[in-house]
Structures are given as structure tokens and as C-alpha cells.
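Trainee: Below, each chain spelled out in residue letters.
There are 2 protein chains.
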Amino acid sequence: MILDHRNLSDDVAAIIRKMILNGELKAGARINQAQLAEKFKISRGPVREALRSLQNEGLIKHETNKGTFVTTLSKQDAFEIYTLRALLEAEAAQLAVFNLTEKDFRKLEELLDQFYQMMVEQNLESQAQCDILFHRTIVEASKHSRLINMHRQLDTQVGAMYLTVSNKVPVRVHQVVENHQILLDVLRTKDKEKIKEIFSEHYTQTLKDLSNMTPIKG
Amino acid sequence: MILDHRNLSDDVAAIIRKMILNGELKAGARINQAQLAEKFKISRGPVREALRSLQNEGLIKHETNKGTFVTTLSKQDAFEIYTLRALLEAEAAQLAVFNLTEKDFRKLEELLDQFYQMMVEQNLESQAQCDILFHRTIVEASKHSRLINMHRQLDTQVGAMYLTVSNKVPVRVHQVVENHQILLDVLRTKDKEKIKEIFSEHYTQTLKDLSNMTPIKG
DNA sequence: TATCATATATACTTAGAAAAAATAAAGCAA
DNA sequence: TTGCTTTATTTTTTCTAAGTATATATGATA
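Chains as they are written, first to last, in the working numbering: chain W, 772 to 989; chain H, 772 to 989.
Errors might be hidden in some of the hints.
Identical copies carry no separate label here, and so any pair may be met within one copy or between two of them.
[What the hints assert, rightly or not] In silico lysine-lysine, DSBU-like type, Cα no more than 30 Å apart, as pairs:
1) Lys914 - Lys837
2) Lys878 - Lys967
3) Lys846 - Lys874
4) Lys914 - Lys797
5) Lys963 - Lys812
6) Lys874 - Lys914
7) Lys961 - Lys846
8) Lys789 - Lys837
9) Lys846 - Lys797
Rather than coming from a laboratory, the hints here were simulated on the basis of the structure.
Make the full structure from the sequences, and use the hints.
Mentor: Put into C-alpha cells, the structure is as follows:
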């Protein structure tokens, strides 16, 4: 039970988060405090604290005196997550204009290359990783800590959603790479109006794809 | 220690939140777990859990093995809070167009009247309450739960900020009432483009006032 | 089907030990 | 004396262990 070890609760939260994100804990599954504590050979206190954090992240849902369950996402949730992400990211991209260095741009290019590579190798996990890192790099360049936080929170929720959704969906990866190239290009122009437009658009497309392609219950 | 009582931790969180928001716990002050537990005559577990929630809300800052402290807000924080709130609210207002009923509009009118009344009576606290409720009513009409949540979180942070800022600031209340009337009017038009414009503008003004009028350190 | 007993899980308490950090005290060098 | 480092001492957080109380779910009985 030693990871980065600053405190147990956060380590436990990280572990459970991973368990949810890689499907070890499935959507809707019950989470038993006592069992987890026993499994990790720790007491229940830190487990309870970890669960509280994860609840605030939106990965689990806790009902008093009933139990905690891995969040299940409905169509409405997917809508919410993507629209909010779009909104935040469009704003972040505009703010990022002031801060993006040539080094940042090179990093974004690199991530795009990597993304393409992972697409060729059909490595879905690394693909998703590149995707997230690409967007995160842009958002972090906004230097708007609250915006960054909220965006990251939505990212993990997207991650949880991919499990219930994306596996069954043949994502058109080529188009994704193209779209990202467009985002990168418009960032280079530093034209804030255009940036806002393109970034907002980017997500309406994603959202449309999602609602067409997947039979999410809800 | 009986309030609505679903669970102790949430009650404790509510109490501490109030203590911060009404200045009983000042910005930067240390929060001692054991002392709080003793004060409320409960054990430390629930207190720790409450603090975890409040940290996620941004009202306190916890440093591992060091302690928890009431958040102090810098100029950058004020900027972040207001810009994000503006962004979220402009979006919410557009979504609300589909859902706002005549009853909602009457409620908003009422709140404006009340606001004016409280202004005349120079009741600052009720004024702030009306202000928050006015905006919250609009945001809630968006039916976008994540957006609503984030907005509420920013609201409490605004509340915390008022303590360090607003007392020293002669708010131009007349203008505030006028501005709110404008918001209400534009909502009635149901013109989404215009709504976005006016709502965004509303906050750039607030932000400008704030940065001119207050010497927030940061 | 409704009711009561039983079992399970959560919520909280109590008491205290381990570990980290802050504080105070002592020692030493300039 | 002053400034700095090292070494206790104390405080606070972190976590443990075991157990009680309470709410919910399960399941048997009528």
C-alpha cells in the first residue's frame, strides 16, 4: 500500500479511481467499505475519506445509510459532460493564446504524431491517453486554476463513460486526428473569435457522433 | 447536533461552511480537527470527512500532515471566480430559454422587487441573498445539473470573498438593480445570441468594478 | 401480501499509537 | 551578544482497532 504516499486516503482514492476507469469496478457496482479496507489491509477511516473525494469527482454516488455505487451515466449525463467540456475548453483556448509558447506548440504537434501512431497500431488506450493529454495541455496553458480543475474532473468522467460507451463504438479515428490538427492550426492564428468558434464546433461534432452511434440508456 | 440529520459529516460541513461565510472563521485561520470535534461533542472521523468536502468546495485548503486553513483569495482568484461564473451563467441562461416558465419570470420579478426593497432598507445581507437567488433561479432553469453544481460552488466562493472584499466596497446598488432588470428583459426576448452577449457583459462590468474598487492583495 | 425477525452495511464512538511538523531550548561559533 | 544549528518537547495530523448503534435489505412466517 505504498505509492507516492502522502496520505493513505488519497492513495486509496487513486486506486479506486483506477479500478473504476479500467473497468475493474463496473458502472452501478456496489462498493463495500469494510471489504475494501480488508482488501487493502487498512482501517475503514481512510476508505471513507477516499470515497468522499471520489464522490465529489462524480465517479461514485453515495447514498446515506444505503451504500456507495459506481456512477452510471445516462444520455443526459453524456450531454452535460460534453457541453460543459466544450464550453470550458473554448474559454481556456482563448485564454491560452496569451501563454502558449513555441515549446507548447511542439508538444502538441508531438502528441498529434503519437496519436496517429497509436491509431496505426490500434492501441486504443494510448490513443485515449494522447487525446486527453492534447486537450489538457491546451487547457493548462490558460493558467486558470479553477477552469483547469473542472476540466480535469470532466475528463475523468469522460474516462468512466468510455467504458460504458466507446467500446461498442467504432470511433472514426482519422477524423479525430484531422480535427485535432484543425484545433492546433487555429490556435496558431491567435484569433480569439475563431478559436472560440472552432473549439465549440469541435465538440458539437463529437456530441452528435456520440448520440447517433451509441445506445446509451437514459 | 441535530439539524436535518441525514449524516453527521454533512451537518458538520454545513456548520463549518456557515462559520466561514459569516466570518466566524476568518480567511487564513487554522482549523483544528480535535478542537472542532470537542466543540461539537463528536468524534474526529466525521470532522475529517466534513473537511474533505469543504476542500472540494474550495472553502478550505488542506495540506497533508500540516493542517487545514480557511482559503484566502487573491486578485487572481477573484478574476477566476467571476470569469467562470460569467461563462457558466451565460451558457445556463441560453439553456434556460427552453425551460423558463411564466411562473419563473414572476419569481424573478419578485426577487428584483425584494432586492430593491432591501436596498432601500440598506439590509446588505438580504440584498446579497436576493442577488444570489436571482442568478440561481436562472441557472437552475437550465436543468444542467453539472453546470448548476459548479455555479453553486462558485457562489459560495463569492460569499467567502465578500468577507474580505465587499465590506470595504461601496457597491453601487442602484446600478445592480438596473443591470438585473436588463438581464430579465433579455431573457424574455428568448434571443439566445443576445442573451449570451448581455450575460457575459454583465460580469465583465462586475469584474471591472471589483478590480477598480478593491485593494485585494495578490 | 403484509409483518416481524434476522442479517448486513453504514455511521459513529472511544481510546490510543505512529508519524510528521511546529515550537522551544540548549549549545556553539562569530 | 547575536546568529545559527542541533536536539528535545509538544502539538497535530494520520491511522488503527474494536465495538456500538442505527438504518436498510433479506427472508421466513402467518
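Trainee: Hints first: check each against the structure and report whether it holds.
Mentor: Status of each hint after checking the structure:
1. Lys914 - Lys837: between (40 Å within a copy, 26 Å between copies)
2. Lys878 - Lys967: within (21 Å within a copy, 34 Å between copies)
3. Lys846 - Lys874: Close across copies (28 Å), not inside one copy (38 Å); limit 30 Å.
4. Lys914 - Lys797: between (34 Å within a copy, 27 Å between copies)
5. Lys963 - Lys812: Neither, since 52 Å and 55 Å both go past 30 Å.
6. Lys874 - Lys914: within (16 Å within a copy, 41 Å between copies)
7. Lys961 - Lys846: The answer is between: 26 Å across copies meets 30 Å, while 35 Å in one copy does not.
8. Lys789 - Lys837: For Lys789 and Lys837, both the intra-copy (24 Å) and inter-copy (27 Å) Cα distances are at most 30 Å.
9. Lys846 - Lys797: within (17 Å within a copy, 43 Å between copies)
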